[in-house]
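Chains as they are written, first to last, in my numbering: chain B, 1 to 294; chain G, 295 to 610.
Treat the hints as calculated values from the structure; they're not laboratory data. Among these hints, one or two may not hold up.
Calculated lysine to aspartate or glutamate pairs in the EDC-like style (CA-CA distance at most 20 Å, straight line) [claimed, not checked]: (1) G:LYS482 - G:GLU497; (2) B:LYS224 - G:GLU431; (3) G:LYS482 - B:ASP98; (4) B:LYS96 - B:GLU181; (5) G:LYS306 - G:GLU378; (6) B:LYS96 - G:GLU488; (7) B:LYS224 - B:GLU119; (8) B:LYS171 - B:GLU181; (9) B:LYS169 - B:GLU181; (10) B:LYS96 - G:ASP486; (11) G:LYS371 - G:ASP486; (12) G:LYS482 - G:ASP432.
Small disclaimer: the values here were computed from a predicted structure and weren't measured.
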Amino acid sequence: MTILGIPTQALFGQLLLGLINGAFYAMLSLGLALIFGLLNIINFSHGALYMMGAFVAWLALNFLGLGYWGALIVAPLVVALVGIVIERTMLCRLYKLDHLYGLLLTFGLALIIEGLFREGYGVSGQPYSVPSALAGGWNLGFMFLPIYRGWVVVASLVLCLGTWYAIEKTKLGAYLRAGTENPTLVQAFGINVPLMITLTYGFGVALAAIAGVLAAPIYQVSPKMGSDLIIVVFAVVVIGGMGSIMGSILTGYMLGIVEGLTKVFYPEAASTVIFMVMVVVLLIKPAGLFGKGA
Amino acid sequence: MTLPSSVSSRQKPFVLALLGLGLVLPLAVYPVFLMKGLCFGLFAAAFNLLLGYVGLLSFGHAMFFGWSAYVTAYAAKEWGLTPELAILLGVALATALGAVVGWLAIRRQGIYFAMITLALAQLGFFVAVQAPMTHGEDGIQGVPRGMLFGLIDLSNTMAMYYFVLAVFVLSLLFLHRVVNSPFGQVLKAIRDNEPRAISLGYEVTRYKLIAFVLSSAFAGLAGSLKSLVFQLASLADVSWHMSGEVVLMTLLGGVGTVLGPMVGAFLVVAIQDFFAGIGSWVIIIQGIIFVVCVLLFRSGMIGVLAPWLKRRGITG
C-alpha cells in the first residue's frame with residue numbers, strides 16, 4: 001500500500017518518529033517558557049539537565065537497581081534539587097541585570113554539566129532497555145506501533161496538558177501568572193514570590209528531567225544528547241514565540257511532525273527544516289506564531 | 295573604559311610597546327601559538343563590536359568564522375588562488391552571510407536575537423556537514439599557504455606570523471576608528487537607550503545592520519587567516535561551541551573595551567593549549583570561567599584592571 005508513492009509503513013513510521021520528537025520539543029520548550037515567564041531567564045542549561053535526567057535513570061538502574069518506574073520519580077526530584085541549588089546560589093543574583101547574563105551563566109553551567117558527564121562516561125552512548133511492561137508492539141494493520149513509543153506520546157501529552165491546566169485554570173497558576181505580571185504587587189498580598197520563583201525553576205527543570213527519562217530507552221544515554229537537542233528547541237521557541245504555554249506545546253508537536261514528514265519526502269533537508277521554518281516565520285511574523293510583541 | 299577618540303599622547307608609548315612586543319615575541323614564544331591568539335583575538339574584537347558597542351549578543355558568529363575559513367581553504371587548495379585573493383573571497387562570503395543573517399535576526403531583540411543567530415548558525419553547520427566542498431568530518435586539510443602577492447612565501451612560519459600580525463594591527467586600528475567615529479557614537483547611543491536613539495531620528499535598524507555586517511566581515515577575516523595558519527578548515531570552526539568560545543573570550547577579557555577581547559582570546563587559547571591533554575576538562579574549565587565571570591566580574595579582566603590603567607592614563 002502506498003500514499004503519494006511512499007509505502008504507508010514508512011510514512012506512518014516517520015510520522016510516529018516525528019510525533020515522538022515533537023513530544024520532546026514540547027516538553028522542553030514548555031519548561032523553557034515556564035522559566036522564562038517567571039525568571040526572565042533563557043535556560044541554556046535545559047538540555048544539559050534533560051541529559052542529566054536520562055543519566056540519573058541510567059545510574060539508578062546500574063548502581064541502585066532502581067528500575068524505570070522508580071527513575072521516573074527519582075530523576076526529576078534529583079534534577080529539581082540541582083535546579084533549586086542553581087537558582088538559589090546563582091540565578092537569583094541576576095534578576096536585576098540584563099537578560100543576556102542569565103543566558104551566559106546557564107550556558108556556562110551547560111558546559112560544566114556536559115563536561116563532567118563526558119569526563120565520567122565518555123561520548124559514546126549507554127544503552128537503557130525498554131521497561132518490560134512496555135516492551136513489544138501492536139500491529140495496527142497499516143503500521144507497527146512499538147508500545148513504548150506510544151507510551152511516550154501519551155505521557156508527554158498528559159504532562160503538557162496537565163501543566164497547561166495547572167497554570168491556566170488553577171489558583172496556584174493564577175498566582176504564577178500574576179507574579180510574572182507584577183511581582184511587587186503579588187508580594188504585597190503576602191505571597192512568597194522568591195519561593196514561587198525557586199519552585200518554578202525546580203518544576204521547569206524537572207519537566208526536562210522527565211523528558212530525559214522518557215528518552216533514555218529511545219535514544220542512547222549520552223552526554224551530548226542535550227546539546228544536540230537544545231538548539232532545535234531554541235528554534236522551536238523562536239517559531240512559537242514563547243507567548244503562551246499552549247503555544248509552546250502546539251509548536252513543539254507541529255514541528256516534530258514537520259520534521260518527520262520531511263524525512264519521508266526529502267531526507268536531505270530533515271536536519272535543517274526546522275531552521276528553515278524559523279526563517280520563514282521570522283519573515284512573516286517576527287514575534288513568532290504565538291508571540292506577542294518583540 | 296573605551297579608548298578616547300584618538301590615541302592620546304600618553305597612550306602612544308603603551309600602544310607602541312604592545313606593537314614592539316608583537317614584533318619580538320615570536321623569538322621567545324612558539325609563533326603558531328601567537329598566530330592562534332591573534333586570529334582569535336581578531337575574531338573576538340569583531341564580535342565585541344556588536345556586543346560591546348551595540349549591545350547585541352550574537353550566538354552564531356562561528357558561522358562567519360567557519361564558512362570564511364572553508365571558502366579560503368577551498369579557493370587556495372582547489373583553485374590555487376593566491377592567499378590574498380582567497381582571503382578576500384572568504385571575507386566577501388562572510389560579509390554576504392552577515393547581511394542575510396543580520397537582516398533576519400535584527401527583527402527581534404535581546405535573547406531572541408541571540409537564539410535566532412544561534413539557530414541560523416546551526417543551519418550553517420548542518421549545511422557544512424552535508425555539502426561536498428567541506429569534506430564533512432575530515433574538513434579541508436593541507437591548505438597551501440601560498441605566495442603573498444606572488445612575493446612572500448607564507449610557508450615560512452615567521453613570514454606568516456608577520457603577515458597575521460600586520461592584518462591584526464590594521465584591523466584593530468580600523469575597528470578602533472569605527473567605534474570612535476560619529477557612527478560609533480550612534481551605536482553606543484543605541485546600546486545605552488534604543489528608544490531615545492529612535493526618537494532622535496536615527497534609523498536604528500540600519501545602524502545595527504551595518505554594525506552586524508562589519509562584525510561578520512572581520513569575523514570572516516579571522517577565520518580566513520586561521521585556515522591559512524593551520525592549513526585546515528573543519529567542522530569545529532562552524533560549530534556552536536566556537537560561537538560560545540568567542541563569547542567567552544570577550545566576556546573574560548572585558549566587554550566593550552578595545553584591549554579586552556585580545557587579552558581574553560590569548561587567555562582562552564592558552565587554557566586550551568595547557569589543558570589539551572586532559573580531555574573534557576577544557577570544557578568544564580571554560581564553563582566555570584563563564585559562571586565566575588557572570589557572577590563575580592562582569593567587566594572582565596580589563597574592566598578589573600581599568601582603574602590601574604586609568605591612573606597611568608592608558609585608558610580614558
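So, going through the hints one by one against the coordinates:
Distance check on the hinted pair: LYS482 of chain G and GLU497 of chain G sit about 14 Å apart at the alpha-carbon level, within 20 Å; holds. This hinted pair checks out: LYS224 of chain B and GLU431 of chain G have alpha carbons roughly 17 Å apart, not beyond 20 Å. A distance of roughly 16 Å separates the Cα atoms of LYS482 of chain G and ASP98 of chain B; the hinted pair therefore holds under the 20 Å criterion. Annotation: proposed proximity of LYS96 of chain B to GLU181 of chain B holds, straight-line Cα distance about 16 Å (limit 20 Å).
For the given pair, LYS306 of chain G sits about 30 Å from GLU378 of chain G by alpha-carbon distance, which is inconsistent with the 20 Å threshold. The hinted pair formed by LYS96 of chain B and GLU488 of chain G meets the criterion: a straight-line CA distance of about 19 Å does not exceed 20 Å. The hinted pair formed by LYS224 of chain B and GLU119 of chain B meets the criterion: a straight-line CA distance of about 12 Å does not exceed 20 Å. Restraint check for LYS171 of chain B and GLU181 of chain B: satisfied, since their Cα atoms lie roughly 15 Å apart, inside the 20 Å limit.
Annotation: proposed proximity of LYS169 of chain B to GLU181 of chain B holds, straight-line Cα distance about 17 Å (limit 20 Å). Among the hinted pairs, LYS96 of chain B with ASP486 of chain G is consistent with the structure: their alpha-carbon atoms are about 16 Å apart, no more than 20 Å. Simply put, LYS371 of chain G and ASP486 of chain G have alpha-carbon atoms about 45 Å apart, too far for the 20 Å limit, and the pair is violated. Of the supplied pair hints, the one linking LYS482 of chain G and ASP432 of chain G is violated, its CA atoms being roughly 42 Å apart against a limit of 20 Å.
Against the hints set out earlier in the document, violations occur for numbers 5, 11, 12.
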